[in-house]
Each structure stands twice: as C-alpha cells, then as structure tokens.
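Line order of the protein sequences matches chains A and B. Counting from 1, one number per residue, gives the positions in the first sequence under the working numbering. Counting from 392, one number per residue, gives the positions in the second sequence under the working numbering.
Hints are computed from structural coordinates only; laboratory data are not their basis. One or more hints might be untrue.
Simulated crosslink set (BS3-like; lysine-lysine; CA at most 30 Å straight-line) [as the list claims (entries may be wrong)]:
#1 Lys239(A) / Lys102(A)
#2 Lys647(B) / Lys156(A)
#3 Lys195(A) / Lys655(B)
#4 Lys135(A) / Lys147(A)
#5 Lys301(A) / Lys314(A)
#6 Lys156(A) / Lys655(B)
#7 Lys655(B) / Lys147(A)
#8 Lys195(A) / Lys314(A)
#9 Lys655(B) / Lys150(A)
#10 Lys158(A) / Lys647(B)
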Amino acid sequence: MSTGVAEKTQKTIGGIRRKFAPWNDPQAVPLIRYQNVTKRFGEFTAVDNLSLDIYEREFFALLGPSGCGKTTLMRMLAGFEDPTEGQITLAGQDLVGTPPYKRQTNMMFQSYALFPHMSVWDNIAFGLRQDRMEKGAVNARVEEMLKLVKLETFAKRKPHQLSGGQRQRVALARSLAKRPKVLLLDEPLGALDKKLREETQFELMDIQMELGMTFLIVTHDQEEAMTVADRIAVMNHGKLVQVDQPAVIYEHPNSRYVADFVGDVNILDATVETVEPGMVTVRPAAAPDRRFRIAQDCAVKPGDSVAIALRPEKMRVELDPPGDSSVNCLQGEIWDIGYLGDLSIYHVELPGGSRVKAAKPNLTRMVERPITWDDKVYVSFTPDAGVVLTS
Amino acid sequence: MRKGLSWFNVTSIALGFTFLYIPIILLVIYSFNASRLVTVWAGFSTHWYWQLFQNQQLLDAAWVTLRVAFLTATVATVLGTLAAITLTRYGRFLGRTLFSGMVYAPLVMPEVITGLSLLLLFVAIGLDRGFWTITLAHITFTMCFVSVVVQSRLVTFDRSLEEAALDLGCTPFRTFFVITLPIILPAVVSGWMLAFTLSLDDLVIASFTTGPGATTLPMRIYSQVRLGVTPEINAACTILIAIVTVVVIFASIMTKRQEAERQKAERLAAAG
C-alpha cells in the first residue's frame, strides 16, 4: 500500500530493527517511566503497583484481555486518568497533575473520534492551531500528513463521507500532526476487516520508522502485537506478566498464562524426573509410560510438578513411528481435523483421554495417504520444541 | 405510502386529521369573512386583517409577547443546556437526585400551581409584576423542556471527541465551544424553538405573573373573546398559526435534509 515509504526504508529496515535493543543497554535512558503505578476505581484495582520503562523510538505493545488494565495504563500517560499512587515520567518530567492538553503525547482513539463538523483538513490542522502555529506552517504540515496517509484528494471531505479505512488514516494523521513525543494507539485497527488490518499494520510500522517516533499500542489481538511491536508487555489483572520481544514471548513464555494467551499451545502437566545441565527429563501425566526430554536450564528439582508448553506447529504428526519412540513421542488416535488451507490442525486423543493439537503444513496439493479420522498416529517433537513452565 | 392500506386505516387517519384540524381550518376560513358575525359567511374579504393592524392594543400585546418569548427562549436555552450537561456529565454528585427532580418538576406540575407559586414568590420578595416577572416565570417553566431535549442528545454524545480535543491541546473551556456545542447545536436550537413556542402561547402562567402594562397576546385575545369573538381575533390567530407552522416546517425540513445528506454521503463512502 504505502510503496513510497516501503521503498525508502526497505534497505534499512532490517538493519535498524536488528540493532535496535535499547532495553539491553544499561546506559540507555528510558523515555517513559512508570514507577510503582497503581490505579484504583473504587474497589477495583485496574493497575497494580506496576513499573515499566519504554525507550525512545520503540514500538511498544500492551497486550492483554479486556479488563487487564492496559487501556487504563495508556490513558494515564495521555492524562485522562491520574494514578492513585506512583509516578509517571516522560522524558524526565513528572506527568502526574499535568492536564492532557499540556502533555506532549497524542492519542489515536479506538472510535477514531474525528470531529464530525470539520473537514479532513480541519481535523488534521486542529492540534496545530491550538498551538497557534503560523498559518503557512500549518498548511505545510497538513499537506505532509495527508501525503503520508495517502489522502491528498480527500482534504475537503467530512468524516462521514469517508470509508472506515480512510477514517482510520485521518485519525492517524491527526494524532501524528503535532509530532508528539509519544503516539498512543488505542486498539487502532479493531474496526477494520482482516485484510485491511494486516496491510495497515505494516504501514504503521513504516510510518513509525520514517518519523522515528515512539509508539505505544494497546491491543487484545496478539497477532497484531507480534507484527508491529519491538517489545510486548503481556498484562493480566493490572500486572505485567512478561515484557519482551515478540519472539521471546512466543518461544520462551514465562508462565502458563503467557503461553496460553499468545498463540496456540498444548499445555501438559508433568513431573520432573532428572535434571542435568541444559536438559530436563519429565514424566507427562497424560502418558506416564513415556518421557519428555526438554533442552532447557531451569531451576527445578526431581519430583517438582511443572507444565510443558508445546506449540502445535512444532509437533510432527505421522502414521509411522519415529526412530526413537520412547522419548518426546506420544501415541494416539486422530480425534478431529481442522483444515485451514495452509495448515491442518490434528486433534490427537491420547490413551488417557486427553487431547493434543499438532499442526501440519499442507506442502503439496495431493497426498498419497492422507491422515484421516481414527488413524493411529505418532506425535513427536524435538527437545528444544518444548518449554518447562513453573508458574 | 405503503401499499395495501386497509379501509380501517384510511378511516382512522381521516377521522384523526378531521378531529385535529377542522377547528383550525374553520378559524382560518372565517378570518376572511366579510361579515361582522363570526358564524355567518358573507363573502371573502381581508378587511379584518387591515382592522387588526390598526388595533394598537393587539399590536402592543403581540410586541410584548414576542419580546418575552425571545428573551425566555434565549435564557432558558442557556440554563437548560447547562442543567443537561451537569446531569449527564458529572455522574453522582451530592444532591443530584434533588437537582434533577427540581429541574423536571415544572414538566409535570399543573400550570395553575406553577403560576400561583411564582406569584406568591414575586409578592413575597416585593418584585413589581410586569414584563420581567412574566419572563422570569416563563424561563422557569420552559427551561426543563430545553434540558430534556439537550440531555437526550448528550446521552449519545461520544466522549472521546472531547478527549481528542483535549489531547490535541485544546483547553476544556475552548473544547466546549469548538467541539461539544457545534455537535449538539441542532438539539440546542430545537430546545430554543420549543421554549419560544411554549412562551408564545402560554396564558395561565402569564396571567398569574403579569402586572399593569404587560399584557401578552394570548391574554389580550382571551379577554376580547369574553366580550364576543370577532373576526379580528380569527385573523390574529391565523397569523399566529402561520408563524408557528412556518417555523416548525422549516425546522423539520432542515433536520430531514441534513439526515438525508448524511445518509447519502455515507452510502457513497461505503460504495467508494
């Protein structure tokens, strides 16, 4: 869609993204700091003694189910809510008590909140005019923003004369026009259909890269968070459960909650048998006659109860037994099949009655002997596929 | 109109309209009667309209009424809008139930009681009755109508619009005037028109709170009718009806056209 921006950043995008990791740099000074922030609404605690650092130029996602406090956390940065306790600083300045109209943050609202009685042009110019920016400069900036979101020909339209996708772009242009220190995006793509949403996600990343701004996005859509963000904070009950890069969140979840919330997963209860450096052997409760060997260093001792998280796409499902079927292999019957086109999801029932999911890419159009219902199958995985979860 | 309108529907519509409008149509017809006797038709004439414009008393009354109605509608709109904002925006505050009860009391209170209690108040505080007491009384009883109309609009108002304005650097005070007010303006204008018409045709409350030198048109007409209905009164009423009809039709056409344009634009946007 935004080919111009894409072409310009194509050469650098990988370089920038690969090197960008200020959170690992002890010298880096965070742009936004939440320090022991608590927010209560009457009896309900929306945000619970939370501390979080976000760095300049970062695309940061707050991910969680509705009611987990992610929107409240963002609204406190915008100034629509004041924390009950704790401190929020932006570029070293304490924000608590500063009204929203004096903060250098701008927000793109879930409902877009375009002013219905103003044209696209006036909507985008609104914030600039509040700052008493000189007229020529306002015009130049609005032109630039319209170009950025590819709506040059729509300047005179009113919001109700635009499609949903166009409105979304106007909202984005309006919130970017003042060049805020931080752009806050509250479920920005929730109202768009799937295809448009995916396109827009990449566009957002390009725009963020081009303007070199800090973006903070709130979403309940884990795919969206994984696509756009440099780092994701997974939230639950007003607390941060895990804060890390998307790949770490997905491949090394630190708890059942994160493993379950982000992506599809099989979680199997197990008991630790032996612990060696870099390898844990466990006995799964669903198939006590078998053993799982998981390549992981973790602080457990024999006899501990743990959970093993296994992503369906890392499980191989086959009709013939693999070489060594005593380790990291389960035997069962196909209970059901979900055909998704690119993948098929096989639900395999184990002898104990519990079920696991295994995904298999449909690499060829025809298979000589497809796996079908009630087939006896072997589900296997490699030692580095599983994750031992202690909480 | 929908197809297959049954005879029952047609009859009930016809009867309904007849019941509502026959008296008014008769009044309009007889205002063009050449005869002095109201009920005897003696040919078409605009004589009574000429007569009307020479009747200084009626003209004075009309002028008082218009001034009262204009002032009432304007002040009641400001107060009613403020009350509506307070009731929708400030959640639960101490005395909210009492406040909303007080705002809406005149809506259900019999006019005689409103008029009498206001009269007692004006006497008690020693306010000279006349133009200003009528206006005050009218503001009191029309404010709640404005408040109801504006409140129903505010309930569906998307608060994030105001938050967006604040977020973009607009102070709360300015936000009200550049964002909130323009968006709720149609409701505020219809509130104003409602207050204006209510004040225009009020007889009971005006009679209680009036004093020497401040006679409104409904009061003047009523007192003249007690001495016998003259075609002149018919003419005056016809003019009043014409004014009200024009205002109401104008207002409804305006809202309808706006709505139609919005829908058309939305269809175009959805298609494009």
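Here's how the hints hold up against the structure:
no.: 1; hint: Lys239(A) / Lys102(A); in the structure: holds (28 Å)
no.: 2; hint: Lys647(B) / Lys156(A); in the structure: holds (23 Å)
no.: 3; hint: Lys195(A) / Lys655(B); in the structure: holds (26 Å)
no.: 4; hint: Lys135(A) / Lys147(A); in the structure: holds (18 Å)
no.: 5; hint: Lys301(A) / Lys314(A); in the structure: holds (26 Å)
no.: 6; hint: Lys156(A) / Lys655(B); in the structure: holds (17 Å)
no.: 7; hint: Lys655(B) / Lys147(A); in the structure: holds (27 Å)
no.: 8; hint: Lys195(A) / Lys314(A); in the structure: holds (27 Å)
no.: 9; hint: Lys655(B) / Lys150(A); in the structure: holds (24 Å)
no.: 10; hint: Lys158(A) / Lys647(B); in the structure: holds (18 Å)
In this structure, every one of the numbered hints holds.
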